[in-house]
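Asker: Next come the chains, spelled out residue by residue.
There are 2 protein chains.
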Amino acid sequence: MIYHHETIFTGKEAEKALNNYLLKSASRHSSTFILTDQNTHKHCLSILSSKFRLPEHSIILEIESGEVNKNLSTCIRLWKELAAHGADRHSLLMCLGGGMLCDIGGFVASAYQRGIDCVYIPTTLLSQVDASIGGKTGVNLDKLKNYVGFYSPPKSVFIISDFLKTLPDNEMLSGYAEVVKHALLSDDKYFHNLTKQFPNYEAVRFNENWADVVERSVKIKSNVVKSDPYEHGLRKVLNLGHTVGHAFESYSLENDAVPLLHGFSVAMGLIVELKLSVWLCRFPEMLSNEIIKYILAVFPYYRFQKEEIPKITGIMNFDKKNRDGKIRLTLLKKPGDLITNVICTQELIEKSLLEYLDLADEANDLKFQS
Amino acid sequence: MIYHHETIFTGKEAEKALNNYLLKSASRHSSTFILTDQNTHKHCLSILSSKFRLPEHSIILEIESGEVNKNLSTCIRLWKELAAHGADRHSLLMCLGGGMLCDIGGFVASAYQRGIDCVYIPTTLLSQVDASIGGKTGVNLDKLKNYVGFYSPPKSVFIISDFLKTLPDNEMLSGYAEVVKHALLSDDKYFHNLTKQFPNYEAVRFNENWADVVERSVKIKSNVVKSDPYEHGLRKVLNLGHTVGHAFESYSLENDAVPLLHGFSVAMGLIVELKLSVWLCRFPEMLSNEIIKYILAVFPYYRFQKEEIPKITGIMNFDKKNRDGKIRLTLLKKPGDLITNVICTQELIEKSLLEYLDLADEANDLKFQS
Numbered sequence: 011m012i013y014h015h016e017t018i019f020t021g022k023e024a025e026k027a028l029n030n031y032l033l034k035s036a037s038r039h040s041s042t043f044i045l046t047d048q049n050t051h052k053h054c055l056s057i058l059s060s061k062f063r064l065p066e067h068s069i070i071l072e073i074e075s076g077e078v079n080k081n082l083s084t085c086i087r088l089w090k091e092l093a094a095h096g097a098d099r100h101s102l103l104m105c106l107g108g109g110m111l112c113d114i115g116g117f118v119a120s121a122y123q124r125g126i127d128c129v130y131i132p133t134t135l136l137s138q139v140d141a142s143i144g145g146k147t148g149v150n151l152d153k154l155k156n157y158v159g160f161y162s163p164p165k166s167v168f169i170i171s172d173f174l175k176t177l178p179d180n181e182m183l184s185g186y187a188e189v190v191k192h193a194l195l196s197d198d199k200y201f202h203n204l205t206k207q208f209p210n211y212e213a214v215r216f217n218e219n220w221a222d223v224v225e226r227s228v229k230i231k232s233n234v235v236k237s238d239p240y241e242h243g244l245r246k247v248l249n250l251g252h253t254v255g256h257a258f259e260s261y262s263l264e265n266d267a268v269p270l271l272h273g274f275s276v277a278m279g280l281i282v283e284l285k286l287s288v289w290l291c292r293f294p295e296m297l298s299n300e301i302i303k304y305i306l307a308v309f310p311y312y313r314f315q316k317e318e319i320p321k322i323t324g325i326m327n328f329d330k331k332n333r334d335g336k337i338r339l340t341l342l343k344k345p346g347d348l349i350t351n352v353i354c355t356q357e358l359i360e361k362s363l364l365e366y367l368d369l370a371d372e373a374n375d376l377k378f379q380s
Numbered sequence: 011m012i013y014h015h016e017t018i019f020t021g022k023e024a025e026k027a028l029n030n031y032l033l034k035s036a037s038r039h040s041s042t043f044i045l046t047d048q049n050t051h052k053h054c055l056s057i058l059s060s061k062f063r064l065p066e067h068s069i070i071l072e073i074e075s076g077e078v079n080k081n082l083s084t085c086i087r088l089w090k091e092l093a094a095h096g097a098d099r100h101s102l103l104m105c106l107g108g109g110m111l112c113d114i115g116g117f118v119a120s121a122y123q124r125g126i127d128c129v130y131i132p133t134t135l136l137s138q139v140d141a142s143i144g145g146k147t148g149v150n151l152d153k154l155k156n157y158v159g160f161y162s163p164p165k166s167v168f169i170i171s172d173f174l175k176t177l178p179d180n181e182m183l184s185g186y187a188e189v190v191k192h193a194l195l196s197d198d199k200y201f202h203n204l205t206k207q208f209p210n211y212e213a214v215r216f217n218e219n220w221a222d223v224v225e226r227s228v229k230i231k232s233n234v235v236k237s238d239p240y241e242h243g244l245r246k247v248l249n250l251g252h253t254v255g256h257a258f259e260s261y262s263l264e265n266d267a268v269p270l271l272h273g274f275s276v277a278m279g280l281i282v283e284l285k286l287s288v289w290l291c292r293f294p295e296m297l298s299n300e301i302i303k304y305i306l307a308v309f310p311y312y313r314f315q316k317e318e319i320p321k322i323t324g325i326m327n328f329d330k331k332n333r334d335g336k337i338r339l340t341l342l343k344k345p346g347d348l349i350t351n352v353i354c355t356q357e358l359i360e361k362s363l364l365e366y367l368d369l370a371d372e373a374n375d376l377k378f379q380s
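Line by line, the protein sequences are chains A and B.
By my numbering, the letter at position 293 of the first sequence is numbered 303, and the numbering carries on one by one without gaps.
By my numbering, the letter at position 50 of the second sequence is numbered 60, and the numbering carries on one by one without gaps.
Hints may be right or wrong, so weigh each one.
Just so you know, same-sequence chains aren't split out, so a pair can sit in one copy or run between any two.
[Stated by the list, open to error] As a list, the in silico DMTMM-like pairs of lysine to aspartate or glutamate whose alpha-carbon atoms are at most 25 Å apart:
1) 344 with 91
2) 246 with 98
3) 336 with 91
4) 246 with 127
5) 165 with 91
6) 199 with 77
7) 165 with 179
8) 90 with 74
9) 344 with 127
10) 321 with 91
11) 361 with 295
12) 336 with 212
13) 52 with 371
14) 90 with 264
What the hints contain is simulated information worked out from the structure, not anything from laboratory work.
Construct the complete structure from the given sequences, taking the supplied hints into account.
Answerer: Here is the structure:
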């Protein structure tokens, strides 16, 4: 299968492009469905319908918010609702929401009657810079993250900044973690520019103009995806921070009343994987300390007991990127220079988690930790 | 998305190709799963393992036979079994069974961790000449046939005649209906050759050498699929006999203790659609009568009450190939010359079903009607 790339529109171009798309859609699609969750139904749908002329008789579908609902039961409900509303092969599904909504909406559209047209209108910073780009769709199989899904890019992605104004602070900050990761995939200079523009978490919270940062991130990610859509090799660089990050996220989902947001897990994962990068890939230690200090200044620090470390490494053994039961990570040689499939012993990962715990004193306890 | 074509091996080449594939698989795949249903587990697995050297530690998965089990619950069970057995992105799923098994197995493989390798070893005549070719995977959504699925061809299809010896007579005959359809898609001459080789149902039952007929059908179908993998146009010619056939099949599933087999539904659908072809596409009436007579000599005739006609046309209104609520059929101008998307009124379809009922006296009541 050769990958068909989605067309991604950012900035002012995005509004124009969405208007054009809706205009053409009238003759192209037999019916239009808008998929929302509780949050985007409440906060984003009115923005969408006030700024754009939605097709008459559009049908609104709503799912419950939250990763825990990104499962096959929700898919089955949506497929049945589409069928009950007479959706046919020429229907359109518009996904209005964050990463969870685009992941499940993209999967539902790609499998309904073997595939109907789908577009994404990502509403969170996280989905605008990351989840909506790259064609991965999927849902969780019980606790196994994204175990069921498909590579199926939407026809188009319309990235519109207005929706970011509806986001709570912690969601903005969570998305910013992927921006930091993209900077580390790009180069030293862009990373240092970011630290100047956003020296601390308040700078992220109160920033009003995200267009340039979003566009830069989209470019970095989509260049990687284009060269390796099916993750045979290069695309694995995008996993930086995520092997450890996903383990934190899964652990928190099971143990915390309010689970750790994805971006916060990734930020903490970056810290741990920077430590491993110094040990295994000779990443410069001074630069690593500088980056770690920056991450601690911007993101909430995730606390857990030393005794829980085996549980967290245990989760890593189930990462679906593993092979032959070995833990493989994407690590950094220097900013912009990554090594994928670095095999790592359980012991070294435990050591890195211990060093992570030692950072507790340097960390800010951000009030909006979630 | 550009379609990646599966490699199809038939005849003697198929055994050699499967041997080669299994040899290479040892280093290519981290684990091998063989999907069977109750029937193929009992009758086909021993043939497979005696003729071929299966990977050590292959894991056998079994599902219940029957179209009614081609649903998302079965998929979820299979995905969980794959995960429980540690299947990763480098695992292989071999589908050993008929069309139902390949449809569901192909879907499960294409969505597990966003796609693992999959090969088909079709064991019925129907799946060897039809279901295993063309990359359509899918499951039913309650009573809605193939409403959830993907276009996702397996890596390879190995068509091995030995498995046909395990088939009951009615399954052989059911598969033969697609052979007749392919002849009508091809040309007059091939159709008349078939009528000489298989003048009646006993000739089908007692035939021992299927290799040439299977190969011819595979060629006819795969040529159509290659020119239009996603059914935007030309591929719809394959629907000949199926719009009415599916309606018979669905009707029977709801109303008969032993539901009509797929091929028998298609054979009866061909009769009705030949009538419509004469009226709407000027198909030569004499030839139509000759073909109908042949179909009645070979396949069991499906009886229903005149009063049930509105129920059957009602089902056609839900065919997922429709658009704008209009019934569209693929009809014949002459053998090898088809017209797709012929819009047909409810009245004309009712008239054709009445004429079908008038054929009852000419029909054989085959003993193995199922």
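Asker: Identify every previously stated hint that the structure contradicts and give their numbers, smallest first.
Answerer: 1, 6, 7, 9, 12, 13
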